[in-house]
Amino acid sequence: MQKIPSHTKARHFGMVIDVDKCTGCASCMVACYSENNVSFRDEESAKMLSLNWIMVYKLTNGESFPDTEVCYLPQPCMHCDGKEFGKPPCVSVCPAVATDFDWPTGIVSQIYTRCFGCRYCMAACPYHARQFNWWDPVWPADMEKYLSPNVSARTRGVVEKCSFCYHRFQLARQKAYHEGRPEEIGEDEYQTACTQACPSGAITFGDLDNPEHEVYKLKQDRYAFRLLERLNTNPSVYYISKRKWVHRMADNYLEGEVPAAFAENEA
Amino acid sequence: MTTSAFPEGVKRCSGSQFILWLLPAFLVLLIAAYAMFRVWGFGLNQTNMNDAYGFALWIWADLAVIALGGGAFFSGFLAYIMGVKQVKNIINFAVILGLVCYSMALLLLGLDVGQPLRGWFIFWHANIHSMLTEVAFCLTIYLGVLIVEFIPVILENPKIQRIRFFHHLSHNMHEIMAVFAATGVFLSFFHQGSLGGVPGVLYGRPFAFREGLFIWPWTFFLFTWSAAAVGPLFTASMCRLTEIITGKRLVKDEVYQLLAKISGWMLLTYIIAKSLDTIYWATVTAPSAGFSLMSFYTNNPLYGIWILIAEIVICGFLPALILITQKGRENRRLLFAAAALAIIGLCINRWVMVLQTLAAPLKPFDEWFMYSPAWTEVVTTIMPVAVGIIVISLAYRYLPLFPQERELNP
Amino acid sequence: MKIDRRCFLSLAGGLVVGHLLSPVPWKMTDDIAIWSQNWPWTPVPEDGPVRWKETVCTLCPGGCGVRVRTIRDRVVKIEGKEDHPVNRGSLCPLGYSSIQYLYGPSRVTTPMKRTGERGSGEFEPIGWDAAITEVTRKLGELRQNGKSHKTAVIAGDDRGTVPYLFKRFLEAYGSPNFIRTPSGRDAHETAAYLAQGKSAQNVGFDLENAKYILSFGCGLLDGCGAPGYQFAAYSNFGEDHKLVQVEPRLSNTAARAEKWLPAKPGTEAALALSMASVIIDRGLHNRNFISNHAFGFEDFTDDNGNMHKGFRSLVSEYTPSKAAEITGIDARRIESVAVEFARSDKPVAICGYYESRNTADIDKTLAVHALNALVGNINQAGGMFVFPEPDYDLPEVQKDNAASAGTEKPRADLAGSDQYPQSRYLLNLLPKRILEARNNDLPVEALLVVDANPVYTLEESEKVQEAFEKIPFIVSFSSFMDETAKMADIILPDHHFLEGSRDVPAPAGVGMPVEGFSVPVVDPQYDTRNVGDTIIDIAQEMGGSIGSSFPWDDYGDFLEKALSDRYRDLTRNGYIVNRDRVSGISDAFETDSGSYEFYPTRRHTADNGDTDKLPAYREIEIPGSNTNNAVALVAYQSPRIASGAVANPPFMTKTIDSKTLKEDKLFIQINPETARNLNLKQGDEAVIETPAGKATVRIDLFEGIMPGLAAMPAGLGHTAYSRFIAGKGVNVNALLRALPDPAYGMNTAWGIRAQLTKA
Amino acid sequence: MFPFAYEWTWYLGQYLFMGAAGFAISVVGAGLTFCIIKSIIDTVQEDEGSSDHH
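Chains as they are written, first to last, in the numbering used here: chain A, 5 to 271; chain B, 12 to 421; chain C, 25 to 783; chain D, 5 to 58.
Same shape as in the complex, but just chain A (with noise of 0.2 Å):
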């Protein structure tokens, strides 16, 4: 639990997600798999035992038809900043310091040789945005070939997660440094994966707390909200959606709450 070292800019990631735009496509997911190694099985659909870095969920309004209205949510690691700023629910339980709150990034990382299993993180995680290599990863015939160099593969037996590509944003540096502006990091240069590959724009990924950077709007919109905000996990990731019944969604409420973006309106 290292604070921020005075040489370093100091950045915090995060993303904004239109649910309203997201089709349910599951590009996001995909190439999440192929950009973080991300290894499968014959079997997937028991989604408690597959990994999945991001996960759409879809939702439904429960209205009958026809004026049922379907949304979907992409999930992935929340990167929260924690009750206490640096703590996130599942870095303050990890037993041997596996998983970290990165200062200088704001990113939730993950130590898979540190790792040893005991799965404490993901007792605390509200999201189930961590999962557990039940098995060894098997890549059949020839599949091996198109793993990646940059995320290491998982062994069985440890828990692993989304990373806001954080590789990414070490080859980013690492091409800044060369190019001799260290520390200049342009929004471009440094994206997740699944934002990269959203085919409906649905995902902006950027630093959260730098003005230039379009999550910086986003996230004051007015019908910006978090998952499970009142849990003060603090996620780092928003979303954006004008239908209500999404914010019903992603947080609970008691009987006669309403969500914030909405409590103006009844009042």
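Among the hints, erroneous ones may be present.
Using 27 Å as the maximum straight-line C-alpha spacing, the simulated DSSO-like pairs for lysine-lysine come out as follows [claimed, not checked]: (1) Lys62/A with Lys782/C; (2) Lys283/C with Lys25/A; (3) Lys374/B with Lys99/B; (4) Lys42/D with Lys170/B; (5) Lys705/C with Lys374/B.
Since the hints were derived computationally from the structure, they do not count as laboratory data.
We have chain A; now place chains B, C and D onto it with these hints.
Structure of chains B, C and D alone, referenced to chain A:
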């Protein structure tokens, strides 16, 4: 003349009968060993755990077994620190029970981690903010303390006593047992608590999350308190069970009654505290995250409000009230019925704090996650019972566990 | 000193304690942990210089530009190409997972010859030379016996140089039977021929520039047509863009649409005509277009003095209230959408490019095209285009007598026959013809299959399989061990698209005349050969006039000559947009009237008589009986499930949720109301039985589907490929049955009646 | 656990935690050592005190 391997002045059954008695336990052990081979060999896919149930039967078993094994620390506390003489008549048994419980808990933990070969990272790369680190440290050290506490009992075997060094060693260790016991109590207090802290700190899990004192959630104290209350009852119950099986009186009723009285008051205070905690959680903590009490107890096939009533009323207040009344204690059946209820209550508590915590849906579009353990999990969870039978049988046969046995069985 | 037991034990104990106190245990523990982090069976991908290469994906007809990340000789990632005009950076899940097909257990790694029973999947490797000799010998035999016309080619596409080579081969060899697999294109091509007189051309919709997209059941965001193009258009939607989806099920497209009109299936024509009536009633149609470029809008008298009803009179019958009755859509909604559509700056109406349903409702398509004509958006930015296919400047085919005689013979699939004179390809009729033929008079005795998987994609798969079993000689050119390849006698595996060159003509439905070019980004991984090379080799080995019709060194040489002046640009940029081929409104029509024919005079009708040629709503009686527990089974497309010739790769199957597929059982979606009537609950197992087949499925209750319907995803239930693909769910095509249009022979069934009972 | 472990940082919690753990181990260790040494002494003294033990 050869010295008998049995403690002085007691009768023991024949060797063949003894082996026959142990056979079923060994059979269980064998199956469990096979299950362990499967799990360590092929990985945790051999269980029914999944990403929703990263913690499952084994973690529950750990929590329950350690809490019940807590009889060792609380009896030790009573015997060596508070100087309650009567408790010394059962302390050896409590220690050995604790030893079985703790070693089995560690074994199950070793089985439960995905990369057992890296298990020691918890010490090497310790994150001291993690309740699990605290558990691991205290548990391991306390297991050491239990062994140290158990050594003199082993040394009291007549054959070993013949070796002068061991004779002196057992004597000397008895002399300073209070030091070990005090250390054990200190360690045990923390790890019983940190086991409670394990679910209590999960602020992403509103079913388990509790506010608290400094870094400790209320569950930290509740777990310690409940283990202290129910642990001795478990020791007493197991002792009574040994009596029934051996057909001998081993401990005087007054010892049982004393333990029951202390436990009864501990249980009563605990269950009052637990009720207050539940009320605060149900009315303040959980609603602040948008959950009503009933949202944790509806829309699923298992976890109804009955479980809360069972835990607090039927297995909490009821046994507590029985145990604090003299009449209740003096009726042996009632006493042990109450003890059984209290033990069940404790197990329910540990179950819900682990399993229901994970089962309850958080995202409104999630559904309840249900789980049933695989045979590998079940058999390894039964394994501590088999090991307990074997270890206690051996100890009872060869070691002077019960100072009152000779007197009670002339 | 006497070594007794005690001494020995002390020594052993001493050794143990000694070791424990030494660094040995620490070192061991550390080593063990390091070993656990470097298990030899966990791959460590080799690093190396990264090179990005660009090409075009051909796994579906979409033709998206991709950029490929390679490290040394390995392909590690595929992404959408930002500056490709079709997809502008976007890419569908199939494209992203295409690396899983480059490597992996589904590839046919070398030419194969069948050794076991047909369909058993037992093959032995056979060298390229032997394989080609075997094919030429067999084809030569047929030709010698005067049965060259009994050779057929089934191809996934009829545009581009590879289909061209096959067509050319058949022409020189002497067979009329080049058959394209059925798809939504059939209806659009027919409609373009009828209303605009454009034969065999590509109909495209300029979604990129359209502001109001009125889609009659086209799964724009569900993976139909050219998904990359449609997604790219959708991603640029602003506040002033609108998408209206007509569909009985809340598909992904419907869910993202501004308005969802859940019309009863099969009634889309009535809806479109009713909207036309509203537009005409309110005078919102494009008067300029109607007066200058339209024929048959008003009633007219033909040269023979017969009175004919015009489009205006026809649609006046389709009042919104009548359409409401037919379609189940509120009359006011019909009106408001029609008005919005007509008033929009750039409206476009589009219908059914669904690949999986293989249906071609000509009335509906004509009605939808008519809506476009009404607002005058034919060949206008943001409107509907008809593009000529790319042409190749090549020497004439040399035909000997046998070839001339063979090509003159009637087609095996009845397309172009007296019964279906205006149809080009009718693959859906072929299996039945084969099954009904006597063994000595089979319409097809040798079959070449390229870029297609008819055994899987055609309706009534079981029948298709039976028919294929009767064909004496089948050659597959598939890169993958698909269902059809599994039925083949010889497999001559093509490269994966990342390994070979190929031109990729304008994808179906794309609103621009783009031509792409895919180039190899990696060396061939296995002993495969570009299908272009293979067919040239076969032709040359056959010799004679066939050989001399193929005067090229290889496919590369052919490409260079065929694409002539476009070749350089194509190979350099990876694509060209043939803007010069876009005709304006002036030469948009090649009809006799030289106008858009609202009244398609050329339209062939079943009795070939005076039946009204105008588009109309004609109720389609789908196959199956209407019993108590009957539902109408429809197929639906999902962007997460590849339903075309190429199966869902493991990555895509991984994205499927557990309410679509669980424990290899497929879920069908039904409305809770339907479920109540049938006494079914969420997750129940049920048996669905249609006249075509029967399957066990599970029930998923979905409010967003019209009561009475049951929707099943297309693209699952494969029986070939690998264990990662086969055996997952049910192939919906196996449960469907085609219903041929009486005049065109194409399948018009939008679904099938099925009995749904609790298992 | 030890300062030479990767990414080690110093902070108060570490001192408290490791201090407590170390203390407990020390107490148990010291107690055990004391018992063993005292027993050895006892045994030796016993041997010297009575000669009938061989």
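Here's how the hints hold up against the structure:
{"no.": "1", "hint": "Lys62/A with Lys782/C", "result": "26 Å, holds"}
{"no.": "2", "hint": "Lys283/C with Lys25/A", "result": "14 Å, holds"}
{"no.": "3", "hint": "Lys374/B with Lys99/B", "result": "52 Å, violated"}
{"no.": "4", "hint": "Lys42/D with Lys170/B", "result": "21 Å, holds"}
{"no.": "5", "hint": "Lys705/C with Lys374/B", "result": "23 Å, holds"}
In terms of the numbered hints stated before, the structure departs from hint 3 and from no other.
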